[in-house]
Structure formats: structure tokens, C-alpha cells
Amino acid sequence: MKPAGGYSIEMSQRDAAVPVVRIRPAKGWMPLNLRELAAAHELLYFLVVRSLKLRYKQTVLGGAWAVLQPLLTMAVFSVVFGRLARLDSDGLPYPVFAFVALVPWTYFANALTQAGNSLVEQQQLLTKVYFPRLLLPLAAVIAGLVDLAIAFVMLLLLLAWYGIAPSPRLLAAPAFVLLAAASALAPGLWLAALNVRYRDVRHVIPFLVQIWLFVTPVAYSSKLVPERWRPLYGLNPMAGVVDGFRWAVAPGATAPLPTLGASVVAVAVLLAVGLYFFRRMERSFADVI
Amino acid sequence: MGRSVIRVEGLGKQYRIGRRRGTSTLGEDLTAAVRAPLRWLRGRTASVKSAPAPGELFWALKDVSFEANAGDVLGIIGGNGAGKSTLLKILSRIVAPTAGWADIEGRVGSLLEVGTGFHPELTGRENVYMNGAMLGMRKAEIVRKFDAIVAFADIGPFLDTPVKRYSSGMQVRLAFAVAAHLEPEVLIVDEVLAVGDAQFQKKCLGKMQDVSRGDGRTVLFVSHNMDAVQRLCGRVLLLERGRAAAMGETSQVVAQYLSRTRGSSSPDEWIDLSQAERSGSGSVRVAAVKYGSELAEAGGQPYPDGPLTVDLAVQVSTACTVASLAVTLYDVHGTKLVNADTISLGRTLRLDPGQHRLSLRIGELHLNPGVYTLGLWLAGPLDTVFDSVPAALDVEVVTVQGPGLGRAASDDGLVTSKLELLGSD
Numbered sequence: 083m084k085p086a087g088g089y090s091i092e093m094s095q096r097d098a099a100v101p102v103v104r105i106r107p108a109k110g111w112m113p114l115n116l117r118e119l120a121a122a123h124e125l126l127y128f129l130v131v132r133s134l135k136l137r138y139k140q141t142v143l144g145g146a147w148a149v150l151q152p153l154l155t156m157a158v159f160s161v162v163f164g165r166l167a168r169l170d171s172d173g174l175p176y177p178v179f180a181f182v183a184l185v186p187w188t189y190f191a192n193a194l195t196q197a198g199n200s201l202v203e204q205q206q207l208l209t210k211v212y213f214p215r216l217l218l219p220l221a222a223v224i225a226g227l228v229d230l231a232i233a234f235v236m237l238l239l240l241l242a243w244y245g246i247a248p249s250p251r252l253l254a255a256p257a258f259v260l261l262a263a264a265s266a267l268a269p270g271l272w273l274a275a276l277n278v279r280y281r282d283v284r285h286v287i288p289f290l291v292q293i294w295l296f297v298t299p300v301a302y303s304s305k306l307v308p309e310r311w312r313p314l315y316g317l318n319p320m321a322g323v324v325d326g327f328r329w330a331v332a333p334g335a336t337a338p339l340p341t342l343g344a345s346v347v348a349v350a351v352l353l354a355v356g357l358y359f360f361r362r363m364e365r366s367f368a369d370v371i
Numbered sequence: 007m008g009r010s011v012i013r014v015e016g017l018g019k020q021y022r023i024g025r026r027r028g029t030s031t032l033g034e035d036l037t038a039a040v041r042a043p044l045r046w047l048r049g050r051t052a053s054v055k056s057a058p059a060p061g062e063l064f065w066a067l068k069d070v071s072f073e074a075n076a077g078d079v080l081g082i083i084g085g086n087g088a089g090k091s092t093l094l095k096i097l098s099r100i101v102a103p104t105a106g107w108a109d110i111e112g113r114v115g116s117l118l119e120v121g122t123g124f125h126p127e128l129t130g131r132e133n134v135y136m137n138g139a140m141l142g143m144r145k146a147e148i149v150r151k152f153d154a155i156v157a158f159a160d161i162g163p164f165l166d167t168p169v170k171r172y173s174s175g176m177q178v179r180l181a182f183a184v185a186a187h188l189e190p191e192v193l194i195v196d197e198v199l200a201v202g203d204a205q206f207q208k209k210c211l212g213k214m215q216d217v218s219r220g221d222g223r224t225v226l227f228v229s230h231n232m233d234a235v236q237r238l239c240g241r242v243l244l245l246e247r248g249r250a251a252a253m254g255e256t257s258q259v260v261a262q263y264l265s266r267t268r269g270s271s272s273p274d275e276w277i278d279l280s281q282a283e284r285s286g287s288g289s290v291r292v293a294a295v296k297y298g299s300e301l302a303e304a305g306g307q308p309y310p311d312g313p314l315t316v317d318l319a320v321q322v323s324t325a326c327t328v329a330s331l332a333v334t335l336y337d338v339h340g341t342k343l344v345n346a347d348t349i350s351l352g353r354t355l356r357l358d359p360g361q362h363r364l365s366l367r368i369g370e371l372h373l374n375p376g377v378y379t380l381g382l383w384l385a386g387p388l389d390t391v392f393d394s395v396p397a398a399l400d401v402e403v404v405t406v407q408g409p410g411l412g413r414a415a416s417d418d419g420l421v422t423s424k425l426e427l428l429g430s431d
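Here the protein sequences line up with chains G and W, keeping their order. Residue numbers for the first sequence follow the numbering used here, beginning at 83 and rising by one. Residue numbers for the second sequence follow the numbering used here, beginning at 7 and rising by one.
You may find that some hints are simply not true.
Within a straight-line C-alpha distance of at most 25 angstroms, the following computed DSS-like cross-link-like pairs (lysine-lysine) qualify [to be verified]:
#1 W:Lys208 <-> W:Lys145
#2 W:Lys208 <-> W:Lys342
#3 W:Lys170 <-> W:Lys151
#4 W:Lys209 <-> W:Lys170
#5 W:Lys145 <-> G:Lys135
#6 W:Lys296 <-> W:Lys342
#7 W:Lys209 <-> W:Lys151
#8 W:Lys209 <-> W:Lys342
#9 W:Lys424 <-> W:Lys342
#10 W:Lys213 <-> W:Lys151
#11 G:Lys135 <-> W:Lys151
#12 W:Lys170 <-> G:Lys139
#13 W:Lys145 <-> W:Lys170
#14 G:Lys109 <-> W:Lys68
#15 G:Lys135 <-> W:Lys170
Computed far set for chain W versus chain G, every beta-carbon distance over 10 angstroms [stated by the list, open to error]:
#16 Ser98
#17 Thr104
#18 Ala139
#19 Thr422
Just so you know, the hints here were simulated from the structure itself, not pulled from any lab data. Virtual Cβ for every residue (Gly too), placed ideally from N, Cα, C.
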């Protein structure tokens, strides 16, 4: 009796463990299926590693680009906006002022661009294999974090060079990095999904990034924006990120709470809607691409 | 056994035609959006298009229903554009159906094309991990099966070479090895084996047999190769223009398929093959074929133990070397009876772009009178199939004056024999 009972329980457990794939026509809004996403975390890891391996293949300078990109931009900004235009730099040496913003900005710009092009560039995968499509833009955003980390080390060196003692507020940097990642992913999802259908998006992305740079306080201080407009200004989540980074390094800066608050809300909304939009478009990717 | 693992009911997929893959331009969509602001606000996807004019829509797959049990090997056959690939893509969850539903119990491993999901810049080793993860394997599982995968694919020394340096045969070997070792409850294999060499094809067929018989898993197998379908599949689904035309026991359905696709043919005249069902890279294509037996009294029809000449008019688009030119004869059930392949002669043909004529002659064709299906095959030295037309045409082997005066036996069998009566005591 005992073995028989045990057997049947084992069977029912096994049967319960067998997942049933239900294939239905795509209709309307779909739930996010977070369980499937969680199950695919290893694939996400492989996709990130792959993108890191591929990024600097056949380049001479390799990973040095992660530092060179913000460093060269900093040099140009320092001459044009620091020396020639003499913009106010919140009491920081202008190069530090610019670099501290360029670290998250460069990450954001690259992550957004790569997330936006991720589906189109990997269409051979989309049309041949099934996996949660969300992993592609997600991997693009995560892979950029490695470059960000390298640039961050450079930032610490720069602070040391200018004799600025690192403040304990720097420990808050990961939170701002997370906000920057979400800021890149949210529009990245929209752009990636739209890119599948309209290749116009490919041409829109560089332009969008350029405009976005001007509405983000990278070259200039957000203090140029009148106080009462700050929350509105903060709807650009990168404004919150950059101000957060500056607050973390500039001695005696006040926390940019109104801007940050607005940024967090803006990102949360954009990301939530973006996820559902992506999910909705997802099922037609292979047909349309 | 006997538990149904795949249930498909009324499955259909609709595409828009007239435009490539139903893509519309931003301009058109914006115009449509302005015309139908409400529909735009409710949100649109590719499948919920504003009502298109009738006639623009086309069902790549319509109303297909079937079930497959654990341990089944189900063949899916049909001409080009019959909906085979669409069906597999839906079952692999790459595209969504427009109508109907399907339930699949367990993991699905699908192998839809050579090097599915391989990245050319990554090495074989990296791609095995990548591909395995993509097919739903855990990392620990891949590590455990890694050696078996590499051994099966037989790519040992090239493991750390970027996949872009692999031949297509090596790529398909590796891809098949990963998919087959996933141990999915359902393994979906599209026409990929045509790329590999004969030995590997055999290995794959064997593996698929193990997977189904040994482990009780289900295999869906699409192929133009009736011989492989015959050997592997217990049941076959025949698709025709997106619909299920027949489903049942393999030899019956294959016979039905072959009888429908064959056109009538007569000897000593060029038969156009431009519309024939084929696979292969297309760098060389057989445009037309002519056959004969050099015997006027047989009307040029082949006859038992007589010669069979085959002339091919081929169109070469990129210069290449043909190492294997084969003429294959099948019986009505799709069993391969004769495979006359020039690879056994060890001579290659260098072909420049343009039109060429290739001729070969089988000295003695040991087939008894009857109707046979003739297939053609052109391949390069490195597994590359240029053109494969498995059912190019029908040839009828006719009766001519035999060596004796006796009448033909009532059921001769398919193959001739040299018979002597040695006398009696």
C-alpha cells in the first residue's frame, strides 16, 4: 500500500511540475509573466556577457573606450563651456563638474542607443528562437554598467587629482545608477519595440540623445533653472540622476529632492507603461521585423 | 505512452500580402491613425489592423488540428509554402497564431534553421552555452552535458574557433547537438538535416529515434526527404496550401503526397523544373531535365536492365564546384531504390556562372516495369547542398521484349534479377 501511495503522489507532483505551454492568438494587453522572466535570469547573464565580449572585439583600445569617451567630452566641455562661456560650475572645478555628470550621461546615452537597437540588431534571434524578448533591451542596459564602473573609478581618480575628499554621500551613487539604468530602459523599451516596425527609429535615436543632452544639466548647472520649475525639469529623469551625482561629490551641496522626486515618478510611470507596451508588441515582432 | 502531449485545434495564421511581410510605413500608419483616431487610442498591434481590403489577406495556415502523444515521431510534409514552417514557428512560440490554439506539455526544443541563435563572432564553446540557455537549459545542465554535445557534434578541435569560420555542416551539427541534448519533452526539427553530410544525417535520425523511443519524447519533424520521413515517422501530417490535407499512417500519406506532386513526363524532351519543390543554397539550380533510354522501340522509356540517360540544364549563379550529382529513384512509397551519385566516381565539376548542361548515364537500371519517382541532387565538396529536387518527375519503366518468350510474372517485385535455369535431375 505504501509504495503505491508514494508512487501516485510522486506522479502527481511530476505532472504538476510539467509546464504547459499555451499558445493563443495575441489579443490586447498581456500580463507581464514575471515568472518566465525570473526563470530566464541565466540567459540574461549570457546575453550580457556576450554583449561585453562582442563590444570591443576587433578594437585597438578595447575597454579604454569606456574612459576615453567621457574624458574627451569633458575636455571639450571644459574648453567651450568652462573657459570660453565661463558657465557656473557649482563651486567645483569645471572639469570635475562636467565629468561627474558625464559618467552617468555617457552610460545613459550608450545604454539607450543600444537598447533601442537591440531587437533589430538581433533579428536573427527573434525569428528563430523563442525567449522573453524583454531580455534583449535589458541586457543592453545592464552590459553598459561595466563601462560605467570603469568610468566611475576614473571619477574617483579625478577627485583625488583635484584634492576633493570623497564624501560619504558617494555611497548613494548606486541608487542614482539604478535610476539612470531605469531612465535608459524605459524609453529604450519603447524605441526597441517601435524600431521593429518603423526603422525610422534608428535615425531618431542619435538625434533624440543629442536633444536630451541639452535638456540635461551636463554642461551647465541645474541652478540655471528657476527653483519653481525644478520639479517640472525633473520630469527629465536624467536631470535627477545628474544632480544626484553632483550632490554626491560637491562639498556642501543641498540634496536636489524636488528634481529627484519628479524623476523617480517619471521613470516609474514611463517604465511601467513601457513594459506593457513592449509586451503588447512582442508577439508580432517576428512577423514584422 | 499514449498520453497526448501536443494538442492543436483550429490553428491558423494570417498574413497580409502585397507588401513584404505586412510591414507598413510610418506615413501609412499615421494616415490610418488620423482617419481612425479611436482605434489608434485603443492601441494597435500587427494582428489588430484596421480592416484591410479583402483579397489582401492570406492564410499561411488555416484550421489545422492534430494531436501527438508522448513518444510519437510526427512527420510534417508538404510542398513549398504549404505552411510547414509557419506551423513550426507557431508551435515554437516565435510567431503568434491568428486563430485557434495549441497546448504543449513540457519544454519545447526547436531547431528551425542552421545555426539558430549562433553568433558568428563567438566561439563554438561560447555558442553552446548561449544556445543552450536560449533553448531553456540551466547552466548546470549545460555544463553536465557539454562533453556529450561536443562529442555528438564532432567539432573537437574547432571548439574555441569563432563560429563564423565553421562550415555550414559544422554549424548544423553543433546546433542539432545542443537542441537534441536539451532533452525537451517536445523536439521540433525543421528541414535542417539536408545541410549535413550523409553520415551525420544518419546520426541525427538515430538520435531522434532514441529521443522518441527511448525517452518517450515527442518529435515533430519537417522534411522534404521522404526516405528519412519513412524511416523515422510513425505518423505524418500532410499540409497543402496551409490546410491539413491528410493525417495518418506514414506510407499512405507519403504515397498520397508523392502522387499529387508528380507531373506526367515523357522521355527525350526537356521538362521544366522551375516550379518544382526544392531545397538547397541555389547557387546551382536545375532548370530543366531530360531523360531517355537510347532505345527507339521503347519510345525512349527506360526498360529493365537498360540504360538511363539524364541530361540537366543548370543555371549557375555563383561559381562553384559540384562534387556530388545524384539521380535517385524512389518507389511510390518513397523508398529509395537507386541512388546514382557521381561522388563515388571522385570527379568534380567546376562550374562558372551561366548556363550549363550536365549529362550522366546509368549503364544498367535494374528496375522492373512500373512508375518511379526521380529525384535530383547537386552538392559541393563540403556538405553544401546546391539544389535538391526530391520529386522532380515520374518515369515509367516499360516492358520491352524480354530475353525469353515466357510471360512476365504476375508480381515481379521492384528489382530485376539475372535468372538462369540450371537444369534438373
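Taking the hints in turn, this is what the structure says about them:
Note on Lys208 of chain W and Lys145 of chain W: the hinted pairing is violated, with a Cα-Cα distance of about 29 angstroms set against a maximum of 25 angstroms. For a cut-off of 25 angstroms, the pair hint linking Lys208 of chain W to Lys342 of chain W stands: about 15 angstroms separates their Cα positions. Between Lys170 of chain W and Lys151 of chain W the alpha-carbon distance is near 23 angstroms, which keeps this suggested pair within the 25 angstroms criterion. Note on Lys209 of chain W and Lys170 of chain W: the hinted pairing holds, with a Cα-Cα distance of about 24 angstroms set against a maximum of 25 angstroms.
Among the hinted pairs, Lys145 of chain W with Lys135 of chain G is consistent with the structure: their alpha-carbon atoms are about 18 angstroms apart, no more than 25 angstroms. Note on Lys296 of chain W and Lys342 of chain W: the hinted pairing holds, with a Cα-Cα distance of about 21 angstroms set against a maximum of 25 angstroms. As the CA atoms of Lys209 of chain W and Lys151 of chain W are separated by approximately 18 angstroms, the hinted pair is consistent with the 25 angstroms bound. The suggested pairing of Lys209 of chain W with Lys342 of chain W holds, with an alpha-carbon distance near 18 angstroms, which does not exceed 25 angstroms.
A threshold of 25 angstroms between alpha carbons decides the hint, and for Lys424 of chain W with Lys342 of chain W the separation of about 21 angstroms falls inside it, so the pair holds. For the suggested pair Lys213 of chain W and Lys151 of chain W, the alpha carbons sit about 15 angstroms apart, so the restraint of at most 25 angstroms is met. A threshold of 25 angstroms between alpha carbons decides the hint, and for Lys135 of chain G with Lys151 of chain W the separation of about 24 angstroms falls inside it, so the pair holds. For the hint linking Lys170 of chain W to Lys139 of chain G, the alpha-carbon distance of about 14 angstroms falls within 25 angstroms, and the restraint holds.
For a cut-off of 25 angstroms, the pair hint linking Lys145 of chain W to Lys170 of chain W stands: about 24 angstroms separates their Cα positions. Between Lys109 of chain G and Lys68 of chain W the CA atoms are separated by roughly 18 angstroms; this keeps the pair inside 25 angstroms, and the hint holds. Of the supplied pair hints, the one linking Lys135 of chain G and Lys170 of chain W holds, its CA atoms being roughly 15 angstroms apart against a limit of 25 angstroms. Not every beta carbon of chain G lies more than 10 angstroms from that of Ser98 of chain W, the smallest distance being close to 5 angstroms; the non-interface claim is violated.
Separation of Thr104 of chain W from chain G is inadequate, the least Cβ-Cβ distance of about 6 angstroms not exceeding the 10 angstroms criterion. For Ala139 of chain W, the condition that its CB be more than 10 angstroms from all CB atoms of chain G is violated, with the nearest at approximately 4 angstroms. Consistency note on Thr422 of chain W: stated as away from chain G, and its beta-carbon is indeed over 10 angstroms from all of that chain's, at 47 angstroms minimum.
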